[in-house]
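Novice: Here is what each chain is made of, one letter per residue.
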Amino acid sequence: MVKPCWRIGAGMERSKINPTKVDGLTWYKDLGLHTFGEFSMAMIQANSVMEDQCQIESGPLTFNNPTVQGTFVGVYDGHGGPEASRFIADNIFPKLKKFASEGREISEQVISKAFAETDKDFLKTVTKQWPTNPQMASVGSCCLAGVICNGLVYIANTGDSRAVLGRSERGGVRAVQLSVEHNANLESARQELWSLHPNDPTILVMKHRLWRVKGVIQVTRSIGDAYLKRAEFNREPLLPKFRLPEHFTKPILSADPSVTITRLSPQDEFIILASDGLWEHLSNQEAVDIVHNSPRQGIARRLLKAALKEAAKKREMRYSDLTEIHPGVRRHFHDDITVIVVYLNPHPVKTNSWASPLSIRGGYPMHSTS
Amino acid sequence: MALVRSLLVAKKILSRSAAAVSAPPKGFLAVYVGESQKKRYLVPLSYLNQPSFQALLSKSEEEFGFDHPMGGLTIPCPEDTFINVTSRLH
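So the protein lines, in turn, are chains A and B. Residue numbering for the first sequence follows the UniProt record's numbering, beginning at 1 and increasing consecutively. Residue numbering for the second sequence follows the UniProt record's numbering, beginning at 1 and increasing consecutively.
These are calculated hints, taken from the structure and not from any lab test. Misleading hints may appear alongside valid ones.
[Stated by the list, open to error] Here are the in silico distance ranges between beta carbons for each label pair:
{"id": "1", "chain 1": "B", "residue 1": "Phe66", "chain 2": "A", "residue 2": "Gln177", "range": "21 to 31 angstroms"}
{"id": "2", "chain 1": "B", "residue 1": "Ile83", "chain 2": "A", "residue 2": "Trp194", "range": "15 to 25 angstroms"}
{"id": "3", "chain 1": "A", "residue 1": "Thr20", "chain 2": "B", "residue 2": "Glu62", "range": "31 to 41 angstroms"}
{"id": "4", "chain 1": "B", "residue 1": "Pro25", "chain 2": "A", "residue 2": "Leu196", "range": "26 to 36 angstroms"}
{"id": "5", "chain 1": "A", "residue 1": "Gln129", "chain 2": "B", "residue 2": "Ile83", "range": "18 to 28 angstroms"}
{"id": "6", "chain 1": "B", "residue 1": "Lys39", "chain 2": "A", "residue 2": "Thr260", "range": "18 to 28 angstroms"}
Quantities reported herein were computed from a predicted structural model and do not represent experimental measurements. The beta carbon of each residue, even a glycine, is placed where N, CA and C say it ideally should be.
My request is simple: use the sequences and hints to build the entire structure.
Specialist: Right under this line is the structure:
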């Protein structure tokens, strides 16, 4: 049975008690309340400019139908600069609400339209800025969005961030991956690109022991990356390393999200949404085990720390030393990392979020060095 | 220069004994240096703030991206270049 979305969180009140914090390169909110339960968020910067962005929105998901209540979670992992991920964080949720208002409900189509229009509008910005800021054409972002509404969880993904569900099972918890990823180092993503570009022998090139689209980028779908979508940007003054040697007519990257829809069951405890910076150090099962076996307060920061400890081990150094490294050079040790844990509360929380919806944004402005 | 060389040798010896234990000494990290064969050195963390050392890391980024094959940072320059650069650092 599809459950109605009547469980409303008291986000604003909780935000005041437990505000978002910045500690060095870490941004976090240890515990908050969304429509269906609690959540925890944490981010850490490694690049000289933080390229990850994230947000959680809870409350009405349309402008005209107060019965459609839910939680929207976004993780945006930018590359080539922070502009695309920031643009998504500014635009995708209002667009989702706009399209959801047209049909007065949430659907796969509504979410896909929000992705498409966000990409289209970002490319318009790139066109506008081309004469003064041509490097915007090489800025892009992965986009992972989760919508929990009506007893369903929609996971829409463009790029290689990941959403993993923790489902309780005989004394433990099992990791169920909800997102479909688009990275050239996955066989499925390579097959897709080869079938879409059968006449391009260099659509995928192995470089630095990794597969890259046109030898330049690992993700096979993204928001932005105008230089791989429209040939008009494949020219000077775009930096030579982003220019392709041959003309193309068909977009090489697409912004189309892969969407999965899962009906939530009482066994579903939580969902972890994170940028690939986390998943390169923690397996799905390791991450869900940590969440299952730890207190909720500060769980996102705990996952961050577990990933950083792994990163330190790989680089043959101490964790305490890793935490001292400045942004920029720190990128040699780990990527920007965003992690959001959304707990799925089976019991309704009755308050009024129509009057005060929850809205939290992470990752901006943070530190900026060059 | 001779002193610096012997210091680096000392670090190399330190690195061999450190390889057996789980964590390197506090304030140091391992780097793998060389073109075909890689030698493991332990360098102080303070090197990471030095522009000349950062330039070596940028070279390595060009070759490996951020995915280092040995796990530890790999600097694919000739060992002499590495010694030359690091001998100027404090």
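Novice: For each hint, tell me whether it holds in the structure or not.
Specialist: Evaluated hints:
1. B:Phe66 with A:Gln177: 21 to 31 angstroms: holds (24 angstroms)
2. B:Ile83 with A:Trp194: 15 to 25 angstroms: Hint violated: Cβ distance 46 angstroms, outside 15 to 25 angstroms.
3. A:Thr20 with B:Glu62: 31 to 41 angstroms: Check passed, 37 angstroms falls within 31 to 41 angstroms.
4. B:Pro25 with A:Leu196: 26 to 36 angstroms: violated (51 angstroms)
5. A:Gln129 with B:Ile83: 18 to 28 angstroms: violated (46 angstroms)
6. B:Lys39 with A:Thr260: 18 to 28 angstroms: Roughly 48 angstroms apart at Cβ, these two residues miss the hinted range, so it is violated.
Comparing the model with each earlier hint shows violations of hints 2, 4, 5 and 6; every other hint is respected.
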